[in-house]
Amino acid sequence: LGGICKFNPKYAPTYTHNGEKRIGRTSYHLRLRVKTPITLFRIPRKRDKLKDTNQYSDRLKLRIKSIEYTRDDHAQCISVSHPEKLYIAGDYIVTHNTAMDIFLAATIIPRSVAEIKIIISPKNAVDLVWTKSLKDIIKITPSFWSSSTKGPAPTTGVEYYVFHFEALDRALALGKSLKQQRKKFFVIIDESHNFNSLTSQRTKNLVTLCQMYESYSVWASGSPIKASGIEIIPMLRAIDPKFNANVELRFKRIFNGDSEYANEILNNRIGKISFKIDKTVVLKEKAFPRKVRVTLPDPSKYLTENVREEMKEYIEKRVVELQGNMKAYDAMFDRCLDYFEARIRSSDVKDEFKKYKASIKILRGIKGGASRESADLLAFCKDFEKRYLMPGLSPELQRDFKKSRSIVKSLLLKVRGEALGRILAKRRAECSVELAQHCNLEDIISSGISKSLVYSTYTKALRATDDYLTARGFTTRNVYGDTAKQVTQIVNEFRYSDEINPVIASYPALSTAVPVEFANQIIMLDLPPRQYLYDQTVSRALRKGQKNPVYVFEVLLDTGDVPNISTRGDEIVSWSREQVAALMGAEFSGPTDDEYEIERVDVTKAIDSAS
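Our numbering applies: residue 34 is where the sequence shown begins, and numbers increase by one.
None of these hints come from the bench; they were simulated from the model.
Worth double-checking, as some hints may not be accurate.
[To be verified] Here are the simulated lysine-lysine pairs, DSS-like style, with alpha carbons at most 30 Å apart:
| # | residue 1 | residue 2 |
| --- | --- | --- |
| 1 | K172 | K217 |
| 2 | K165 | K82 |
| 3 | K436 | K484 |
| 4 | K275 | K387 |
| 5 | K275 | K360 |
| 6 | K484 | K388 |
| 7 | K212 | K419 |
| 8 | K447 | K209 |
| 9 | K319 | K360 |
| 10 | K383 | K237 |
| 11 | K237 | K388 |
| 12 | K79 | K165 |
| 13 | K577 | K172 |
| 14 | K165 | K319 |
| 15 | K98 | K79 |
| 16 | K237 | K360 |
| 17 | K390 | K436 |
| 18 | K319 | K209 |
| 19 | K237 | K577 |
| 20 | K319 | K350 |
From a predicted model like this one, the values you see are computed outputs, not experimental measurements.
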């Protein structure tokens, strides 16, 4: 029943019964305290006499009276990929990933190993999840500090530190200070898949932080690998001192691709440390994906073949244009290097610069521009430029260097990147705009049991969708660009205001940390580029507290058997699912094709509805 029972003996020396005096005896009083007494009765006249005052709610807590040693035994820590991270262990004990991490830090890891706890978290979850959990989970709230406070972290008097991803430089500065004080620390990385990039500075900062003192760390994520086996390298760098540069190079050669046999090996190894409980254990509701296929009056500019030809024409013209001025770009680039080299004072930087120039020489000789070798060289060069070369140039030379570096190092990659951004991304954004206007969007939103979330990758599509819905009487809120900083405030408005529906958001701005379980419809005007983003987006609504089935509308352009750039996005997500399934197992890979409910939306019907 969830109540607390108190059993006390009470001695009564004498008592009477029908006027007759009896010998004293001990009576026993049983007092049962229940948080909500009304739940114990079903008869209406008895329930009416009760008041749910929750008078005992603060005192109804079990307390540890003593701890006795029984034995030494093996133990395993479990983390669940469900967005609520909630699961039921043996004897129906309910636990949670955040709680698990805090308990690890507070009790399992001895203070002699790690007396300070450093938590790395998405910005939206710093106060909403972590600082709240520290207050709620631990009976006597420990001393803690979060990066929501400006300035450097205090180096004394704090046991728990919570940093958001963009504040890792401050976390690293704290780690260096703690190391100088000979204080050991424990690192928890929430949503650790955000640190899969080998070249990003924040990943390097995190790895450096975890390597100090060979500190303990927990890498927590429901989607630890997005697509490629080498994404696990940052964690291996952080936790294994023997994972040196030579081992890393060999690891990349084996796992940098989609080799069936390599993925099978890595899957078996990751499987040794992975555990997942099906969502149905803790959640009755489920998601129903629905492909909404839309026909357009003129879809020609979105057909894959037409976009390919447009990109090909752009690339050919642009390459000829840049090659015609290559001598000027080479001279501009070399002038910047000469200026920097003449001002080097550190012997370490001189050695790094020699390696940099050697890498540039190799890159200039690679015609295709894209290979495993060139990718590693480009990553090294980019890092050196950011840390040393750019800060060492004058403002004028910095402008020249930015203008010339990508042309000199990787002309074809630069032009391909331009084509992807200026043509493919532009066409995809335009396609999402048209799909939003022809998919019966207002009908989908209005027919929802509760509220809706509308997503797109492209700002242009988000703005156009906002204008389209506002013109039809909808009161919307936006979570992208500058408004993403107010995501918690906007979601709270969305939660409590009956007028606001839908929220229009980009995937990066509203796919992690913030729960939106009061909405039950997710409308994707274009699919996210990876399966993990898809899963996290769905998990904004499909989580503990959701009272309704969750419908996920995937809006796709229908051009029959002719491929188009909208359905191409569907293929990319399917590929991502296959890669994750190969590496992590099928249970991590997202919905299969047979789980979809197909809807076809005819353009004539959509236009009639819109008018």
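May I ask which of the numbered hints given earlier this structure violates, with the numbers listed in increasing order?
Violated hints: 2, 3, 5, 6, 8, 9, 12, 15, 16, 18, 19, 20; rest satisfied.
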